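**Q** Residues per chain are reported as follows:
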Amino acid sequence: MNAARPSEGASMYAIELQDLRKNFGKTEIIRGANLAVKAGERVAVIGPNGAGKSTLFNLISGRLAPTSGEVLLNGQSVVGLRPYEINRLGLSRSFQITNIFPKLSVFENLRCGVLWSLGYRYTFLRFLSKLDDANERTEQLMRQVGLERKRDVLAVNLTYAEQRALEIGVTIAGGANVILLDEPTAGMSKTETSHFIALIKEVTVGRTLLTVEHDMGVVFGLADRIAVVVYGEVIAFDTPAAVRANPKVQEAYLGSSVADAQGGH
Amino acid sequence: MNAIASSSSPSAPVRYYRFKPWNLGRILVWSLFAIALIVAPMLFRSSLALTMLSQIGYLIIICLSYNMLLGQGGMLSFGHAVYTGLGSFIAIHTMNLAAKGSLPVPLVLIPLVGGLGGMFFAILFGYVTTKKAGTTFAMITLGLGELVASMALMFPTFFGGEGGITTNRVYGTPFFGLNFGSQTQVYYLIAVYCFVCTGLMFAFTGTPLGRILNAVRDNPERVEFIGYNTQRVRYIAFIIAGFFAGIGGGLASINFEIVNAADSLNGIRSGGYLLFTFLGGATFFFGPIIGAVLLVFASILLSELSKAWLLYLGLIFLFMVMFAPGGVASLIMMNLRVAKFGKFKPFWALYAGLIATGALLVAGVAGVVEMIYHMQLNAALGPTLRFFGMTLDTSSVTSWAISLGLMVVGGVLLELVRRRFVAAWSRAQEDIEHEIKRGGMA
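Chains A and B supply the protein sequences, listed in that same order.
Position 199 (the first sequence) corresponds to 199 in my numbering; numbering is contiguous.
If you want my numbering, it's the 1-based position in the second sequence plus 265.
Excised from the complex, chain A in its bound form:
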């Protein structure tokens, strides 16, 4: 790949993976993944179960440390940084299993996501109710994800689809410009999914999006480019049409053809 690494300033890539590897004991999960996602691009990460998609997300977001290789966020290495440090550099992620604050209300969940980016940090000398900018931003977010009628409901009491929407809300709350969504539509009905994809498109306008997705219809509708992960490697990274036509992908991942897989989930 690129030998000359952009050491400072604006890289044209929002996320760049260089020969990324991760072993669990002797098992290699990620085996030299390379990927370069341009700023503002929407990328779907697909691949069979166990291919390492979630692990890839965990490596990028700092939940796991890579065994070797490089992860660059806007040209800056984030290997070895803690999740909160990476988040402060402008990357935010959601989780495959709903991961919110169950005993806080919808409003409080979203406001927690907003606070750091507005500079309130560890403050205990100001009242939340007086932080007009944070509260306004939270109200706006709540409308964006369509939960304004559930404002004071505890997250634990929401329906599954509402919890998923809240998860997206918390993820985008801090205004990160790189968003990682791990199977955002998992477990949703067809109508919920299409509604939800529209929401994701809307809230990620102008941001870089990486999403793991199984529903091929969704993938082709949402993504500018598709990264195919098989057995810990990115075997293809191209436009949906090109990926669909790529014989390597058809062979390795889909068995016969992408068309067969459509609607399979």
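Treat the hints loosely; a few may be bogus.
As the list claims (entries may be wrong) - Quick list of in silico lysine-lysine cross-link-like pairs, DSSO-like style, CA-CA up to 30 Å:
#1 A:K190 with A:K26
#2 A:K38 with A:K26
#3 A:K190 with B:K702
#4 A:K201 with A:K103
#5 A:K130 with B:K610
#6 A:K248 with A:K38
#7 A:K26 with B:K397
#8 A:K38 with A:K201
#9 A:K201 with B:K702
#10 B:K397 with A:K103
#11 A:K103 with A:K130
#12 A:K103 with A:K190
#13 A:K103 with B:K396
#14 B:K608 with A:K103
#15 B:K605 with B:K702
#16 A:K103 with B:K605
#17 B:K610 with B:K702
#18 B:K610 with A:K103
#19 A:K103 with B:K702
If you're looking for bench data, these hints aren't it; they were derived computationally from the structure.
Being a predicted model, the structure only gives us computed values, none of them experimental.
With chain A held as given, fit chain B onto it using these hints.
**A** Here is chain B on its own, set in the frame of chain A:
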């Protein structure tokens, strides 16, 4: 910041406006709290009552500070007495130095000195303990608590050995005519600190750090992905809790004029704070206030009533953990919620049934326990004992039969009522949950 601006909707930002009807209620609640603190010693004039009220006052501060860790931060600390106790020692040494004239600290500021002492040790020890969360945190606090308790025996000059450190709270120039010689004056000093500290700790729950602390309790991993260092959040909260714990400790020093490492620093004391904070209710801010009141009633009144009071306390604790894990505060709030949704009617009869059958069971159990204790400890005093106006005879079959009979009958009836209660209760809760989900109301 740019990202935030660019992602906001193109339409003009709508100023959000929220009607806040509870502010009036809040003023009312705080006024009532202040009035209660002021008039309590006028209503209960005995010296025992004043002793109890003084202890309740500083224990409220301590239990609330403990709940900052347990209820708000999800930190199960087994070593809270370290910070109250060390706060007490710092305070009492400062009092002695001030009495000698070496330090110009008036008595009214001694609790703050205790607070700074507690805070200092929280900064020191919290740096280690708050690195970890959950079980590991609990274990480390337990270990540190034992460490400090055993250190107390190694440094008798500071901790006063077995006799502890004594002081005299009457020193220096009186503060607006108050020399704090009388217990009443001490009570009002405690009451002022109690009110201010409670207010400050309540205010803390409405700050960014207070809310993120709740988030750390609920889901520490997620907090790391919204920009916060969870260790830092826990650490700062721990320091603040240590500060208030130290204030409570300082007030205890003033109240008793003696601090003894053997019972102010150890794990039993820490366990007491934990137990009663839990009994009062860790999930609500005011729960620990109830806990502090219960703690004083249990340790002063219950211990007067029966030698077996620790056994009863253990049974109560067991019972609460099993049937009301949210403590007294949650019992109150759950019933208020049922009442708010207009579903309380069937519960009057059920509660009456629970109380009546429960009383039978308690009477039976108490009879048996008292007779066994009497046989073990007071056999020399003969077979008869008086308990709640009744005469029990450990040598008569009738006493045993009646007690055991009450126990069995009460137990069976209680279980029958309990089943009906649980059925009605869960039905009411389901209805309420359903109404909340449908209406989007909290």
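**Q** Now tell me, hint by hint, if it's right for this structure.
**A** The hints, checked one at a time:
1. Between A:K190 and A:K26, the direct Cα distance comes to roughly 40 Å. Violation of the 30 Å bound is thereby established for this hinted pair.
2. Pair hint A:K38 plus A:K26 does not hold up; C-alpha atoms about 33 Å apart against a cutoff of 30 Å.
3. Distance hint between A:K190 and B:K702 is fulfilled; the C-alpha atoms sit about 23 Å from each other, no more than 30 Å.
4. For the hint linking A:K201 to A:K103, the alpha-carbon distance of about 29 Å falls within 30 Å, and the restraint holds.
5. Distance check on the hinted pair: A:K130 and B:K610 sit about 40 Å apart at the alpha-carbon level, beyond 30 Å; violated.
6. In summary, the hint linking A:K248 to A:K38 is supported, as the alpha carbons are separated by about 23 Å, within the 30 Å threshold.
7. Taking the CA atoms of A:K26 and B:K397, the gap is about 28 Å. The hint holds against a cut of 30 Å.
8. Between A:K38 and A:K201 the CA atoms are separated by roughly 17 Å; this keeps the pair inside 30 Å, and the hint holds.
9. Between A:K201 and B:K702 the alpha-carbon distance is near 28 Å, which keeps this suggested pair within the 30 Å criterion.
10. Under the criterion of a C-alpha separation no larger than 30 Å, the hint pairing B:K397 with A:K103 is consistent with the structure, at around 22 Å.
11. Taking the CA atoms of A:K103 and A:K130, the gap is near 22 Å; set against the 30 Å cutoff, the hint holds.
12. At most 30 Å may separate the alpha-carbon atoms for a hinted pair to count; A:K103 and A:K190 meet this at roughly 29 Å.
13. With a C-alpha separation of about 24 Å, the suggested pair A:K103 and B:K396 falls inside the 30 Å cut-off, and the hint holds.
14. Only pairs whose Cα atoms come within 30 Å are accepted, and B:K608 paired with A:K103 is accepted, the gap being roughly 24 Å.
15. For the proposed pair B:K605 and B:K702, the alpha carbon gap of about 16 Å is at most 30 Å, so the pair holds.
16. Simply put, A:K103 and B:K605 have alpha-carbon atoms about 21 Å apart, close enough for the 30 Å limit, and the pair holds.
17. Among the hinted pairs, B:K610 with B:K702 is consistent with the structure: their alpha-carbon atoms are about 23 Å apart, no more than 30 Å.
18. About 29 Å separates the Cα atoms of B:K610 and A:K103, which keeps this hinted pair within 30 Å; it holds.
19. For the proposed pair A:K103 and B:K702, the alpha carbon gap of about 15 Å is at most 30 Å, so the pair holds.
Hint compliance for this structure: hints 1, 2, 5 are broken, all remaining hints hold.
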